[in-house]
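Residue-level listing of the chains:
2 protein chains.
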Amino acid sequence: MEQTTLFEVVMNLYRQKKFAELKTIMGQLNPADVANIIESADGRDVIALFRLLPKELATEAFAYIDPDQQEQLILAFTDRELREVIDELFLDDTVDLIEEMPANIVNRILKNTDPRTRSQINELLAYPADSAGSLMTPEYVYLKSDMTVEEAFAKIRAVGVVKETIYTCYVTEERKLVGVVSLLDLLTASYETVVGDIMDTNVISVGTKEDKETVATMLAKYDLLAIPVVDGENRIVGIVTVDDAIDVLQDENTEDIEKMAAIVPTDKPYFKTGVFETFLKRIPWLLLLMVSATFTGMIITGFESKLATSVVLTAFIPMLMDTGGNAGGQASVTIIRGLSLGDISLKDVWSVIWKEIRVAVICGACLAAVNFGKMLLIDRLLLGNADISVAVALVVCLTMMVAVFIAKLIGCTLPILAKAVGFDPAVMASPFITTIVDAVSLLAYFMIAQAVLHI
Amino acid sequence: MEQTTLFEVVMNLYRQKKFAELKTIMGQLNPADVANIIESADGRDVIALFRLLPKELATEAFAYIDPDQQEQLILAFTDRELREVIDELFLDDTVDLIEEMPANIVNRILKNTDPRTRSQINELLAYPADSAGSLMTPEYVYLKSDMTVEEAFAKIRAVGVVKETIYTCYVTEERKLVGVVSLLDLLTASYETVVGDIMDTNVISVGTKEDKETVATMLAKYDLLAIPVVDGENRIVGIVTVDDAIDVLQDENTEDIEKMAAIVPTDKPYFKTGVFETFLKRIPWLLLLMVSATFTGMIITGFESKLATSVVLTAFIPMLMDTGGNAGGQASVTIIRGLSLGDISLKDVWSVIWKEIRVAVICGACLAAVNFGKMLLIDRLLLGNADISVAVALVVCLTMMVAVFIAKLIGCTLPILAKAVGFDPAVMASPFITTIVDAVSLLAYFMIAQAVLHI
Numbered sequence: 122m123e124q125t126t127l128f129e130v131v132m133n134l135y136r137q138k139k140f141a142e143l144k145t146i147m148g149q150l151n152p153a154d155v156a157n158i159i160e161s162a163d164g165r166d167v168i169a170l171f172r173l174l175p176k177e178l179a180t181e182a183f184a185y186i187d188p189d190q191q192e193q194l195i196l197a198f199t200d201r202e203l204r205e206v207i208d209e210l211f212l213d214d215t216v217d218l219i220e221e222m223p224a225n226i227v228n229r230i231l232k233n234t235d236p237r238t239r240s241q242i243n244e245l246l247a248y249p250a251d252s253a254g255s256l257m258t259p260e261y262v263y264l265k266s267d268m269t270v271e272e273a274f275a276k277i278r279a280v281g282v283v284k285e286t287i288y289t290c291y292v293t294e295e296r297k298l299v300g301v302v303s304l305l306d307l308l309t310a311s312y313e314t315v316v317g318d319i320m321d322t323n324v325i326s327v328g329t330k331e332d333k334e335t336v337a338t339m340l341a342k343y344d345l346l347a348i349p350v351v352d353g354e355n356r357i358v359g360i361v362t363v364d365d366a367i368d369v370l371q372d373e374n375t376e377d378i379e380k381m382a383a384i385v386p387t388d389k390p391y392f393k394t395g396v397f398e399t400f401l402k403r404i405p406w407l408l409l410l411m412v413s414a415t416f417t418g419m420i421i422t423g424f425e426s427k428l429a430t431s432v433v434l435t436a437f438i439p440m441l442m443d444t445g446g447n448a449g450g451q452a453s454v455t456i457i458r459g460l461s462l463g464d465i466s467l468k469d470v471w472s473v474i475w476k477e478i479r480v481a482v483i484c485g486a487c488l489a490a491v492n493f494g495k496m497l498l499i500d501r502l503l504l505g506n507a508d509i510s511v512a513v514a515l516v517v518c519l520t521m522m523v524a525v526f527i528a529k530l531i532g533c534t535l536p537i538l539a540k541a542v543g544f545d546p547a548v549m550a551s552p553f554i555t556t557i558v559d560a561v562s563l564l565a566y567f568m569i570a571q572a573v574l575h576i
Numbered sequence: 122m123e124q125t126t127l128f129e130v131v132m133n134l135y136r137q138k139k140f141a142e143l144k145t146i147m148g149q150l151n152p153a154d155v156a157n158i159i160e161s162a163d164g165r166d167v168i169a170l171f172r173l174l175p176k177e178l179a180t181e182a183f184a185y186i187d188p189d190q191q192e193q194l195i196l197a198f199t200d201r202e203l204r205e206v207i208d209e210l211f212l213d214d215t216v217d218l219i220e221e222m223p224a225n226i227v228n229r230i231l232k233n234t235d236p237r238t239r240s241q242i243n244e245l246l247a248y249p250a251d252s253a254g255s256l257m258t259p260e261y262v263y264l265k266s267d268m269t270v271e272e273a274f275a276k277i278r279a280v281g282v283v284k285e286t287i288y289t290c291y292v293t294e295e296r297k298l299v300g301v302v303s304l305l306d307l308l309t310a311s312y313e314t315v316v317g318d319i320m321d322t323n324v325i326s327v328g329t330k331e332d333k334e335t336v337a338t339m340l341a342k343y344d345l346l347a348i349p350v351v352d353g354e355n356r357i358v359g360i361v362t363v364d365d366a367i368d369v370l371q372d373e374n375t376e377d378i379e380k381m382a383a384i385v386p387t388d389k390p391y392f393k394t395g396v397f398e399t400f401l402k403r404i405p406w407l408l409l410l411m412v413s414a415t416f417t418g419m420i421i422t423g424f425e426s427k428l429a430t431s432v433v434l435t436a437f438i439p440m441l442m443d444t445g446g447n448a449g450g451q452a453s454v455t456i457i458r459g460l461s462l463g464d465i466s467l468k469d470v471w472s473v474i475w476k477e478i479r480v481a482v483i484c485g486a487c488l489a490a491v492n493f494g495k496m497l498l499i500d501r502l503l504l505g506n507a508d509i510s511v512a513v514a515l516v517v518c519l520t521m522m523v524a525v526f527i528a529k530l531i532g533c534t535l536p537i538l539a540k541a542v543g544f545d546p547a548v549m550a551s552p553f554i555t556t557i558v559d560a561v562s563l564l565a566y567f568m569i570a571q572a573v574l575h576i
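Protein chains in written order, with this note's numbering: chain A, 122 to 576; chain B, 122 to 576.
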């Protein structure tokens, strides 16, 4: 039996117009949960539910709602409601919102923000997508190095609630970043201590143009709650917080996985992508890989007359090609992930190749041995396929070793090569590798067959 | 020209015995950077470098160092050095360390901890791997609801430095978790305020046995800095902090990607895995998939006599199989990722199938149309392959549509099915799907060929 979901409880109360109970329940929830419920509602219920929320919860939940429903809500908002929501949003969330909305809504949003915020928004919008600048928020706490800890606390108390994080404070001199001090350091120091004496001058920061994946990886590597973003003259212009870094890491992982599966990446969840849009994301690589299989076809056609005399060889083409593809895919995906996590860098190319060669030789030998036994014992003896001679098994197994060797070699070098010339290594995964390995191992198959079977 | 790395500078100073300069430079660095340098050094240099570090930096860096070098260091440590390092480690890091070390080192570590810590370590070690209990640390700040904000600050100041985070404090009554209060809330309240009045009683917590991936996903979803872990009676036993959650998410992503590429997951970086170990992680799936290709071989063998009369059909086997495999891989990987991110759940199975069917029909039609044109224009006219008649092109293109349809259908259902019966959906990715799709589409190919070409 299915459990009643929170959403069903809420919608039942809503339909029975038990608004007081509804308010009480909603008030118990987290902004992210409230957003989930609102997203699952449809049409006019979305706005009605939203208006039932306590004001603070409503504005907090707004940042978690999907762009589609955000748009619906804004269309239904009065200017006053819109202003209340925008005032409460952190600036980076406002920028994200603006980037997703159509022009008429963007205009309404900008019309309902004060001039100072508007100019900050416009500045943030100017940073290239995927840059640290586009990800950061200007809402950080900055201190001066000659402040006492008592003065620092007064400042944090005064501005804290509207800043994205107060747990790391940045010490600036003429806007230049000179130090960083954690709230823990401030709390455990005496009130008279001068900030300059307890700040850490060894600040990890990133430039506005730094790739956002690099920024997120740095936050993860150094276990930071926030990282400051500086311009060319080391002036702090914003911070990136750890919650945004996690989202970036998850998005980049999804993107890599999609690319590895020969899909053009999308940033929308599965059910938010229409059928035709899904088709458009999938068809380019399918077409390209299909057309490039022409070479495989040409190789087979070239050996057609010889194949006709030894049709038994055809039966092993799929197995040889799949095994080659799988072996190459393993190598390429391992290298792609290593590059992305920073375990492998460009200069490691020779160590990678040397390791993969040894792995390929052992894998190839093991597969060939098992296959040799399988062909003679199962295919020939058990299934009674008399065409499978020792010579045929030898041809297949030799090809297997060559295919695995070439597959691992191509699989491990192509991602590094892609990275070296500035492409995304993730594209060099199984589907792409398979197409190349297919052609090469077929050629090897026929050449070995000619040499051994004299066909 | 390659840039001189920080590691090279450090090692040069070290070899020239310029220890004062070395100390100055190392003092500028972050624990994570220092760990990187120490990991790159070898043999006795590791311990010599470590001893040159300022004491606090040394102990902080220790937690970031790879298990191999940690073991080396501990073997070289005096008991006093070991005690200093262990005292400074957060408890969850100590537990991680113990889980990686051989028995003799574990005994030395436990011998050098005080009885209270030792019993906490033993408690943490008892939680199953991959559970919230194994990931948490008991080092959190707890307050009482009748404390004033002033008393709360006194407590935080007193215990803060040795707790993993002080930015979220947990309010307990007889160890039961009754509320949560952020340091920001405390800072912006007056000193006389009672904690119970400003705490949030709507606490998001997880059980000790909760899967660690779920815990990490919750931290990400609710934008938390830490999440409390409670036992069966809602007593708080520890917290999981956001930095550990990020590591879990990254590890789980790597594991999923490896499984999708038919690799048995490993938790070690590429260069830390030996050749034979890498072979062992890759060979099981290669063998299994190779042997299961027996079916494909049997199908071809069954149609051998007919293939001999129409060898042209062989040339398109690789293309049909690759396209099927790619189309199925796209669907399966999309679904696997959707399941892992929570975008898709078991009850969505029918919506998923209905969407994939529509995508499959458009993709199949598009691929078949392009292929039909390609076969007649390029293969027949341009390359002069007279065997390719309109009928042959029709057979290939009809098979293409069937293969894509079946591939997408199998690709989208198998991961959901795997999840439903409690397996990891990630295994149901391209390599596995390809093997099934190969067999089914070959059958379709020969049946369509018989019907259309009357072979």
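Since the hints were derived computationally from the structure, they do not count as laboratory data.
Fair warning: there could be bad hints in the mix.
Lysine to any residue pairs mimicking SDA-like chemistry, simulated, CA-CA at most 25 Å apart [unchecked claim]:
(1) A:K144 - B:D318
(2) A:K427 - A:F397
(3) A:K342 - B:D208
(4) B:K468 - A:D217
(5) B:K468 - A:I474
(6) A:K176 - B:K468
(7) A:K138 - A:L173
(8) B:K342 - A:D251
(9) B:K342 - B:D208
(10) A:K176 - A:D217
(11) B:K389 - A:G395
(12) B:K389 - A:I474
(13) B:K495 - A:T422
(14) B:K284 - B:P175
(15) B:K330 - B:L305
(16) A:K232 - A:E221
(17) A:K393 - A:V412
(18) A:K342 - B:K468
(19) B:K284 - A:K138
(20) B:K330 - A:G395
Only part of the chain B face toward chain A is listed, based on derived beta-carbon distances under 10 Å [as the list claims (entries may be wrong)]:
(21) R136
(22) Q137
(23) A141
(24) E142
(25) S326
(26) G328
(27) T329
(28) E331
(29) T335
(30) D365
(31) Q371
(32) L441
(33) V470
(34) V473
(35) I474
(36) D500
To be clear about the criterion: a stretch of chain B counts as covered by chain A if any three or more of its residues have a C-beta under 8 Å from a C-beta of chain A, and this derived list gives those stretches [said to hold, decoys possible]:
(37) 148 to 159
(38) 260 to 271
(39) 476 to 487
Where a beta carbon is used, it is the ideal one built from N, C-alpha and C, also for glycine.
Here's how the hints hold up against the structure:
1. A:K144 - B:D318: holds, 20 Å
2. A:K427 - A:F397: violated, 44 Å
3. A:K342 - B:D208: Given that 25 Å is the threshold and the Cα spacing comes to 23 Å, the pair holds.
4. B:K468 - A:D217: violated, 31 Å
5. B:K468 - A:I474: violated, 45 Å
6. A:K176 - B:K468: Outside the cut-off at roughly 34 Å; violated.
7. A:K138 - A:L173: Within the cut-off at roughly 11 Å; holds.
8. B:K342 - A:D251: Distance ~21 Å between B:K342 and A:D251 Cα, so the pair holds.
9. B:K342 - B:D208: violated, 33 Å
10. A:K176 - A:D217: holds, 22 Å
11. B:K389 - A:G395: Between B:K389 and A:G395 the Cα gap is close to 39 Å, so the pair fails against 25 Å, i.e. violated.
12. B:K389 - A:I474: holds, 19 Å
13. B:K495 - A:T422: holds, 16 Å
14. B:K284 - B:P175: Judged against 25 Å, a Cα distance of about 22 Å means the pair holds.
15. B:K330 - B:L305: violated, 30 Å
16. A:K232 - A:E221: holds, 17 Å
17. A:K393 - A:V412: At roughly 30 Å apart (the allowed maximum being 25 Å), A:V412 and A:K393 break the hint.
18. A:K342 - B:K468: violated, 37 Å
19. B:K284 - A:K138: Measuring from Cα to Cα gives roughly 47 Å; hence the hint is violated.
20. B:K330 - A:G395: violated, 38 Å
21. R136: Given a least distance of 22 Å, the restraint on B:R136 is violated.
22. Q137: violated, 24 Å
23. A141: Since the shortest Cβ distance to chain A is 18 Å, the answer is violated.
24. E142: Hint on B:E142: violated, closest Cβ of chain A at ~16 Å, above 10 Å.
25. S326: Since chain A brings no Cβ nearer than about 12 Å to B:S326, farther than 10 Å, the hint is violated.
26. G328: The hint is violated - B:G328 has no Cβ within 10 Å of chain A, the shortest such distance being about 17 Å.
27. T329: At about 22 Å, which exceeds the 10 Å cut-off, the nearest Cβ of chain A leaves the hint on B:T329 violated.
28. E331: violated, 17 Å
29. T335: Status violated, d = 14 Å.
30. D365: Given a least distance of 9 Å, the restraint on B:D365 holds.
31. Q371: With a closest approach of 7 Å, the B:Q371 hint holds.
32. L441: holds, 9 Å
33. V470: This interface hint is violated because 12 Å lies over the 10 Å limit.
34. V473: holds, 8 Å
35. I474: violated, 13 Å
36. D500: At about 7 Å, which falls below the 10 Å cut-off, the nearest Cβ of chain A leaves the hint on B:D500 intact, so it holds.
37. 148 to 159: holds (count 4)
38. 260 to 271: violated (count 0)
39. 476 to 487: Contact hint for the region 476 to 487 of chain B vs chain A: holds, 6 residues under 8 Å.
Figure legend: structure checked against the earlier numbered hints; hints not met, in rising order: 2, 4, 5, 6, 9, 11, 15, 17, 18, 19, 20, 21, 22, 23, 24, 25, 26, 27, 28, 29, 33, 35 and 38.
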